[in-house]
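Asks: The chain contents come next:
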Amino acid sequence: MGSFDLMPDYEVARNYDRCIACRVCERQCSNLVHEYSEEIGRMTADDSKCVNCHRCVSLCPTRALKIVQSDNTYKLNCNWTSKSIKEIFTQASTGSVLLSSMGNPEDYPVYFDKMTINASQVTNPSIDPLREPMETRVFLGAKPEKIERDANGKIKCNLSPQLKLAMPMMFSAMSYGSISYNAHESLARAAEELDIYYNTGEGGLNEDFYKFGNNTIVQVASGRFGVHRKYLNQGAAVEIKMGQGAKPGIGGHLPGKKIDSDISRTRMTPEGSDAISPAPHHDIYSIEDLRQLVYSLKEATDYKLPIIVKIAAVHNVAAIASGIARSGADVISIDGFRGGTGAAPTRIRDCVGIPIELALASVDTRLRKEGIRDRVSIVAGGGIRSSTDIVKSIALGADCVYLGTSALLALGCHLCRSCQAGKCNWGIATQEPELVRRLNPDIGYKRLVNLMRAWQHEIEEIMGGMGINSIEALRGNRLMLRGVGLNEKELGILGILHAGE
Amino acid sequence: MKRVYVNEKWCLGCHLCEYYCAFAQTNKKDMAWALKDKKIFPNIRVEDDGAIHFAVSCRHCAEPICVKSCISGALSIVDGVIEIDKDKCIGCFTCILTCPYGAITPAENGQAIQKCELCVRTAEGTPQCAAHCPNAAIVYEDRG
Amino acid sequence: MMREGQVRIPSGCAISGIFSKSGMKFSGKDIVKSIGVMHDRSNGLGGGFAGYGIYPEYKDYYAFHLFYDSIQAKKDCEEFLNRHFEIAHCSEIPTKRTDGVDNAPLIWRYFISPHTTKLSASQLDEREYVVKCVFRINAKIDGCYVFSSGKDMGVFKGVGFPEDIAKFYMIEDYEGYSFTAHGRYPTNTPGWWGGAHPFGLLDYSVVHNGEISSYDANRRAIEMYGYECKLLTDTEVITYIIDYLHRKKGLTYQEISWVAAAPFWQTIEDMPDGDRQIHEYLRNVFSAQLITGPFSIIAGFEGGMMALNDRLKLRSMVVGEKGDKVYISSEEAAIRIIEPDLEKIWSPRGGEAVIVTLDGGGA
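Protein chains in written order, with this note's numbering: chain P, 1 to 501; chain C, 1 to 144; chain A, 1 to 363.
These are computed hints drawn from the structure, not numbers from a lab. Just to be clear, a hint being listed does not mean it is correct.
Stated by the list, open to error - List time: in silico DSS-like cross-link candidates among lysine-lysine, alpha-carbon distance up to 27 angstroms:
id, chain 1, residue 1, chain 2, residue 2
1, P, Lys156, P, Lys146
2, C, Lys39, P, Lys66
3, A, Lys132, P, Lys143
4, C, Lys68, C, Lys2
5, C, Lys28, P, Lys66
6, P, Lys369, A, Lys248
7, A, Lys132, A, Lys248
8, A, Lys322, P, Lys369
9, A, Lys75, A, Lys132
10, A, Lys21, A, Lys322
11, P, Lys154, A, Lys248
12, P, Lys146, A, Lys248
13, C, Lys9, P, Lys423
14, C, Lys29, P, Lys66
15, A, Lys75, P, Lys489
16, A, Lys140, P, Lys143
17, C, Lys86, C, Lys36
18, P, Lys304, A, Lys230
19, A, Lys249, P, Lys143
20, A, Lys132, P, Lys146
21, A, Lys29, A, Lys344
Because the structure is a prediction, the values reported are computed rather than measured.
Taking the hints into account, I'd like the entire structure generated from these sequences.
Replies: As structure tokens, this is what we get:
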């Protein structure tokens with residue numbers, strides 16, 4: 001079938017005054033963009049292969065490279081944008097669903113950026129985190145309804161299983177398969193050092209990482225890949241994945257070429273054949289079925305582990321969360337529509353679901369109205385970019401946040417959004433040994449630890465400014481937020497006042 | 001004593017160490033000015049063989065054969081670092097023949113040899129191959 | 001101008017309390033003198049008192065004190081009270097014209113007990129029934145506000161300096177075994193009587209100096225348990241927290257202090273086995289009842305009193321003892337003025353509760 005050559009969106013701009021033809025760009029590009037031409041004695045580049053991952057830019061020792069947006073354009077049209085036109089050309093020639101990776105990049109409002117944080121002045125003092133203890137410890141899990149005492153009147157610790165975190169952050173689910181062994185090792189080691197948790201995603205748990213079990217959340221998703229008794233009991237909590245913010249309503253697809261022998265063993269799926277997670281769990285067609293799975297998993301783990309239910313933020317998320325809170329789940333995790341993915345149909349990623357800020361606020365409000373907020377903890381994720389996004393999430397009502405994209409960025413990801421190709425130049429979203437080795441976990445885990453510690457410091461600083469010295473006093477403390485440039489409806493859903501009020 | 005160590009598990013074969021080594025020897029401020037249109041003569045070389053890459057440089061042996069074999073006294077051990085005095089070197093290349101690691105090479109002018117001196121004489125003063133290795137495959141550390 | 005409750009008003013303040021461990025009654029004179037010393041800690045925009053053991057002749061009845069904006073409000077409220085309670089006695093609360101105390105609402109008190117049939121039909125515990133009725137009146141009946149609802153105790157408060165409010169209510173004429181007092185320094189004024197302190201619910205009353213930073217976290221949590229925060233003040237939410245933890249969850253006052261002004265984790269980690277687990281349990285289960293930011297409070301309750309500072313001690317508070325009397329105040333001078341010859345005086349550390357109860361037992 002005839003196809004038009006599409007002009008590339010980005011171009012490799014090489015400063016030949018600085019290029020010494022060391023060829024590191026050529027050696028490091030898995031997309032084969034760069035090539036040294038003996039004939040002209042210079043480096044050349046094929047822009048059409050470039051995914052703009054910045055591996056070459058970062059490694060170029062003379063800073064001779066940059067990637068620039070192409071100024072080639074179709075006739076300008078506010079409706080038929082270049083993007084729409086190109087997508088049509090692509091689909092007309094391939095007949096395929098458009099695929100993308102990572103989170104929704106489209107221009108929707110980012111509510112985090114329209115909320116500001118309070119600070120103390122005069123009537124109560126701010127607290128200096130360098131002088132006073134500043135506490136960020138968090139527990140996740142259901143709280144008991146009744147206080148029980150023994151014969152001597154001493155309180156009995158009748159808590160159901162809990163997760164204890166040194167700071168209100170966890171690394172969100174990213175499966176072994178979608179990301180590399182070295183990426184997993186980095187996350188696991190960082191979680192252990194930080195006294196928090198990482199999440200296996202739906203890909204099972206490599207036995208090498210069993211030793212990090214106390215800091216591991218094991219996931220059970222619709223494909224049930226890698227799920228067995230030992231796996232479940234290896235973790236500190238079990239997460240049932242009902243949905244993912246990047247692709248609500250659809251399943252997952254790990255291409256066979258990413259399934260090498262180690263991944264095949266871990267996932268318990270055949271080597272080289274595609275691993276497909278169905279859209280729904282075929283044993284969960286309603287809320288009462290979810291309750292059964294929650295209790296099946298509790299049985300399988302001897303009621304020793306909290307059960308997390310993860311859902312994508314969709315329109316009626318509050319009602320769904322209320323159902324989950326009554327299903328026996330200990331923690332609800334909500335994934336907003338900016339959450340990342342290793343591969344999703346572009347249309348789904350960009351047009352399905354709602355922002356985490358609104359979803360979180362409405363879930364927290366709903367659970368409180370129904371008087372069941374104590375039955376579950378809430379973990380918010382999907383596009384959280386900084387310590388202030390975390391502070392704002394907690395003030396809206398989250399107990400803790402899940403961090404996926406930001407963790408990958410710490411590991412080197414440059415958000416080229418091409419994970420689905422499996423040729424990640426940073427050794428993260430790939431299984432090619434030559435590429436995987438580019439992520440040295442000794443470096444990776446330290447960068448994750450650095451990022452989390454830096455954010456923890458910032459959270460402490462911001463809390464101190466508000467006169468709050470323990471994170472639980474921030475949770476749901478919406479008076480600490482004000483909206484800027486939001487309309488009445490948005491303020492109402494977020495449950496905050498406008499700046500100046 | 002701190003030495004340069006290489007872990008082939010993490011070596012990507014990017015060859016950046018060679019360029020940083022060559023650049024360090026020039027003692028210039030900018031690699032583009034220093035190495036533009038020049039052939040480089042690094043003291044560390046990445047050996048590539050398919051999936052395996054390994055950067056090789058002088059190990060600064062405790063009992064170095066090269067020093068023993070030097071007929072002009074140009075090679076000597078200074079604080080554990082094997083250094084070359086290019087004024088004394090007569091370019092007989094005996095050391096090149098004796099070094100079991102292939103870590104010594106003829107200098108650019110062919111009149112003497114050159115080898116890794118752990119950057120003790122460069123502006124940075126610390127091995128630049130290790131400092132700039134993007135994957136910590138080359139490290140400069142004391143392993144006793 | 002928005003009334004308190006429609007807008008949140010932070011304030012600084014003075015607090016004072018006197019407690020007789022033997023239960024020996026004393027007049028309200030001393031507490032008035034004590035709070036009067038701290039005149040400069042108030043700004044004339046609120047003062048009030050709570051007395052315990054002051055209504056011995058009606059000690060088995062809930063004493064409701066009400067502010068009415070109008071005769072109509074009084075009519076509506078009395079209709080409600082008649083439907084839900086037996087009224088043993090009702091009267092206007094005696095007051096005296098006092099300079100500096102203006103715009104007083106109608107102020108009435110009722111000694112009541114729940115209709116037995118209504119109570120059993122409600123399937124509620126008696127105290128919960130009373131609380132529900134208080135919330136109903138305050139939320140649903142226009143122009144009424146129940147500001148005191150305990151047995152054998154009463155709250156008296158208004159807009160003015162505390163010493164003027166004392167004259168207005170003739171606090172000196174009451175006799176009780178325990179009194180607390182409050183002088184208010186709000187940062188802006190709607191001048192509403194209901195907004196003055198102490199804040200009372202059942203026999204729990206709280207006077208508070210500070211501005212808590214955990215306010216909205218505490219408020220949104222406590223509202224989930226059926227409490228309606230109408231005033232948006234710290235004192236209101238602290239009172240509800242105490243009521244919730246004590247009456248509904250059965251925590252002791254000591255445990256309540258461990259929740260509200262919890263020890264730091266680093267302190268808890270150094271505790272012996274057993275204690276450590278209990279503190280970790282309380283901080284985990286009642287994390288939403290942790291109060292941060294500066295506060296010193298005196299919580300009165302039937303048969304006792306608890307004084308508590310925030311965990312960093314960001315507000316002053318001293319405690320003195322002489323004989324069977326315990327004195328608690330924002331400033332030492334306010335204790336010395338009534339008892340210059342103290343046996344003991346100290347400044348409790350942040351988060352260290354001082355709990356006193358009647359010798360013969362009590363709470």
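Asks: Please go over all the hints and tell whether each is borne out by the structure.
Replies: Evaluated hints:
Using a Cα cut-off of 27 angstroms, the hinted pair Lys156/P and Lys146/P holds, with the two alpha carbons roughly 10 angstroms apart. Restraint check for Lys39/C and Lys66/P: the C-alpha separation of about 25 angstroms stays at or below 27 angstroms, so the hint holds. Between Lys132/A and Lys143/P the alpha-carbon distance is near 25 angstroms, which keeps this suggested pair within the 27 angstroms criterion. Restraint check: the Cα-Cα separation between Lys68/C and Lys2/C comes to about 22 angstroms, which is no more than 27 angstroms; the hinted pair holds.
About 24 angstroms separates the Cα atoms of Lys28/C and Lys66/P, which keeps this hinted pair within 27 angstroms; it holds. As the CA atoms of Lys369/P and Lys248/A are separated by approximately 19 angstroms, the hinted pair is consistent with the 27 angstroms bound. The hinted pair formed by Lys132/A and Lys248/A meets the criterion: a straight-line CA distance of about 14 angstroms does not exceed 27 angstroms. Distance check on the hinted pair: Lys322/A and Lys369/P sit about 49 angstroms apart at the alpha-carbon level, beyond 27 angstroms; violated.
A hinted pair counts as satisfied when its Cα atoms are at most 27 angstroms apart, and Lys75/A with Lys132/A qualifies at roughly 20 angstroms. Restraint check for Lys21/A and Lys322/A: satisfied, since their Cα atoms lie roughly 11 angstroms apart, inside the 27 angstroms limit. With a CA separation close to 17 angstroms, the supplied pair Lys154/P and Lys248/A stays within the 27 angstroms bound. A threshold of 27 angstroms between alpha carbons decides the hint, and for Lys146/P with Lys248/A the separation of about 9 angstroms falls inside it, so the pair holds.
Using a Cα cut-off of 27 angstroms, the hinted pair Lys9/C and Lys423/P holds, with the two alpha carbons roughly 19 angstroms apart. A hinted pair counts as satisfied when its Cα atoms are at most 27 angstroms apart, and Lys29/C with Lys66/P qualifies at roughly 21 angstroms. With a C-alpha separation of about 39 angstroms, the suggested pairing of Lys75/A with Lys489/P is violated against the 27 angstroms cut-off. Restraint check: the Cα-Cα separation between Lys140/A and Lys143/P comes to about 32 angstroms, which exceeds 27 angstroms; the hinted pair is violated.
Restraint check for Lys86/C and Lys36/C: the C-alpha separation of about 25 angstroms stays at or below 27 angstroms, so the hint holds. The suggested pairing of Lys304/P with Lys230/A is violated, with an alpha-carbon distance near 42 angstroms, which exceeds 27 angstroms. Between Lys249/A and Lys143/P, the direct Cα distance comes to roughly 13 angstroms. Compliance with the 27 angstroms bound is thereby established for this hinted pair. Distance check on the hinted pair: Lys132/A and Lys146/P sit about 21 angstroms apart at the alpha-carbon level, within 27 angstroms; holds.
Distance hint between Lys29/A and Lys344/A is fulfilled; the C-alpha atoms sit about 22 angstroms from each other, no more than 27 angstroms.
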